[in-house]
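With mature numbering (1 follows the signal peptide of the UniProt record, and there is no 0) as the guide, the letters of the sequence shown map in order to residues -23 to -1, 1 to 420.
Since the hints were made in silico from the structure, they are not lab data.
From the three backbone atoms N, C-alpha and C, an ideal C-beta is built for every residue, glycine too.
Fair warning: there could be bad hints in the mix.
Listed below are the simulated BS3-like cross-link pairs for lysine-lysine, each with C-alpha atoms no more than 25 angstroms apart in a straight line [to be verified]: (1) Lys141 - Lys244; (2) Lys159 - Lys140; (3) Lys179 - Lys130; (4) Lys159 - Lys195.
Cβ-Cβ distance ranges computed for the label pairs, FRET-style [as the list claims (entries may be wrong)]: (5) Asp124 - Ala40: 30 to 40 angstroms; (6) Lys234 - Glu82: 49 to 59 angstroms; (7) Arg238 - Gly294: 46 to 56 angstroms; (8) Asp137 - Asp231: 24 to 34 angstroms; (9) Asn23 - Arg351: 20 to 30 angstroms; (10) Gly245 - Arg301: 19 to 29 angstroms; (11) Glu347 - Lys140: 33 to 43 angstroms; (12) Glu266 - Asp48: 52 to 62 angstroms; (13) Val235 - Gly294: 24 to 34 angstroms; (14) Lys179 - His90: 54 to 64 angstroms; (15) Asp87 - Arg301: 42 to 52 angstroms; (16) Arg301 - Thr50: 28 to 38 angstroms; (17) Glu82 - Arg117: 19 to 29 angstroms; (18) Asp107 - Glu347: 52 to 62 angstroms.
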Amino acid sequence: MKSTSTLSLFFVTALLFQGLAAAWQFPSLQFPLVPTWLGGSPPTPNVPKFILDAQHPWLQSHAAELAALDDPTSLLCAPLVVDTSFDPESIECGHGFDSRGLSGEDVPGDFFHRLEIDNNRAGIDRLGWDNARHRLLEMRDCPRALDEVRELKVDIWLHDPEKKAQPADVPQLFAQVLTSMKNLEKLDWTLRGYEENLVFGKNFVDEDGMSLSVAEVKANMYATTWLLDAAPGVKVLEVGRGDWGFDRADNHFDYYKVWLRAASKLKGLRGLNMGAIEWEADMTELIPELFPEIEELWIGSIEKAAERSSRSREGGGALKGVIRALAKLPNLRMLHLPDPSELDFGFHGGPPGWIAYDGGPWCGNAYGGEDGERLRRQVETDRIGSAEQAGEIVRAEFPSLKGVEVGAHSSVEPVVGLACLIGISKTPSSSRLSTAPTDCSTR
């Protein structure tokens, strides 16, 4: 019997580690893709990495043409100059192809709409600050990207040695590049840790004339307290789950108050998305006080607030208290509730005796065997029943609300199969519970 060769063992082990890195998103375990190990080369050499990272499908379909160019960066990044003297009908289909091959007009209009600076993605093995610096320098030298980008995702994963010395030039580069993105609409920002954000924010907002044009921001609580100073025109704010609070346990239960008061300075804020974090009991009173003009609100699990509440768990007492307080908001029109398992109705999405976080049916562990399908149907029925119960509470406590959605931030499929409930309806094309009073009244 042949023994397994050392090379074979290495190859299998490498594939295993790459799979683990992709599943758990540990940058320190990420390796280059196997074809690169075997001597392969990038299909589009000389193209800036920030463009490759964006993974626009046009790039792959035109890889051969770009690889044939001496300077593909100039073609992709040069600002478009519109020549009004030519006859549009002379160019077949309007694509701009001629004997010379690709031109700037061939690049799709949405090519730069979504960009990222992310070393926390499967297949990327780069240091956090170094990756950010190099991608920012590339973007700075690409005028067309700066002009056309609409959405920017930033995720900086720092290895322990990087956390000890934050380079001063990176926040300054961010300030320079972000302020040059005049048409940027959405910023998705992830920098973990209180101290890291404290140092970064100081260097970032100290830049003269700092003002971002973004209307929508997603960030963890530590970041938004400084980021919002640079983006006073934000209309929709989403707090990411991140790891806020855990590295400063002494202030964990109070930091959300700091964040809420910082967010309340946004005079144009109309949408507040807190669906990814647990609802604290104090939020019930703070939200109406600090955000009287809010029009759309996402709330997270209320189970922790229910545990600290004197209200009975029977009948969704905690949810009633939350809805009753939110009814004080005169402009609130749309409310997004968490999954029914997080609404304090005693439903946890599993069979009797199932303990949360043990896997359970959400992971597919409980639906095998003879009774698996029956259990699945029962769980879904209970889920729908809990959502309907939530709808009845909203109807009773907040009759002027125009819309409600249950399960928008769930890791499982949102609630399905709900019909009209005093303005709460489920449309055939939607898998979420929503409200539409006028539609229900006309059906």
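Pair hint outcome, Lys159 versus Lys140 [Cα-Cα no greater than 25 angstroms] = Not satisfied, since the Cα-Cα distance of roughly 31 angstroms exceeds 25 angstroms.
Could you grab the alpha-carbon distance between Lys141 and Lys244 and see if it respects the 25 angstroms cut-off?
-> The hint is violated at about 36 angstroms.
Taking the CB of Asp87 and the CB of Arg301, does the distance hold inside 42 to 52 angstroms?
-> At 44 angstroms between Cβs, range holds.
Taking the beta carbons of Lys179 and His90, is their distance inside 54 to 64 angstroms?
-> At 31 angstroms between Cβs, range violated.
Starting from the hint 52 to 62 angstroms, judge whether the C-beta atoms of Glu266 and Asp48 obey it.
-> 57 angstroms, holds
Note whether the CB distance of Gly245 and Arg301 lies within 19 to 29 angstroms or breaks it.
-> Cβ of Gly245 to Cβ of Arg301: about 27 angstroms, so the range 19 to 29 angstroms holds.
So does Glu347 sit 33 to 43 angstroms from Lys140, Cβ to Cβ?
-> Check failed, 52 angstroms falls outside 33 to 43 angstroms.
Between Asp124 and Ala40, does the C-beta distance stay in 30 to 40 angstroms?
-> Between Asp124 and Ala40, where Cβ atoms are some 24 angstroms apart, the hint is violated.
Starting from the hint 24 to 34 angstroms, judge whether the C-beta atoms of Val235 and Gly294 obey it.
-> 29 angstroms, holds
Is the gap between the beta carbons of Arg301 and Thr50 within 28 to 38 angstroms?
-> Given a distance of about 58 angstroms, which is not inside 28 to 38 angstroms, the answer is violated.
Beta-carbon spacing of Arg238 to Gly294 - inside the hinted bounds 46 to 56 angstroms or not = 28 angstroms, violated
Starting from the range 49 to 59 angstroms, see whether the pair Lys234 and Glu82 falls in it by beta-carbon distance.
-> 52 angstroms, holds
Going down the numbered hints, you'll see the structure goes against 1, 2, 5, 7, 9, 11, 14 and 16, while the others check out.
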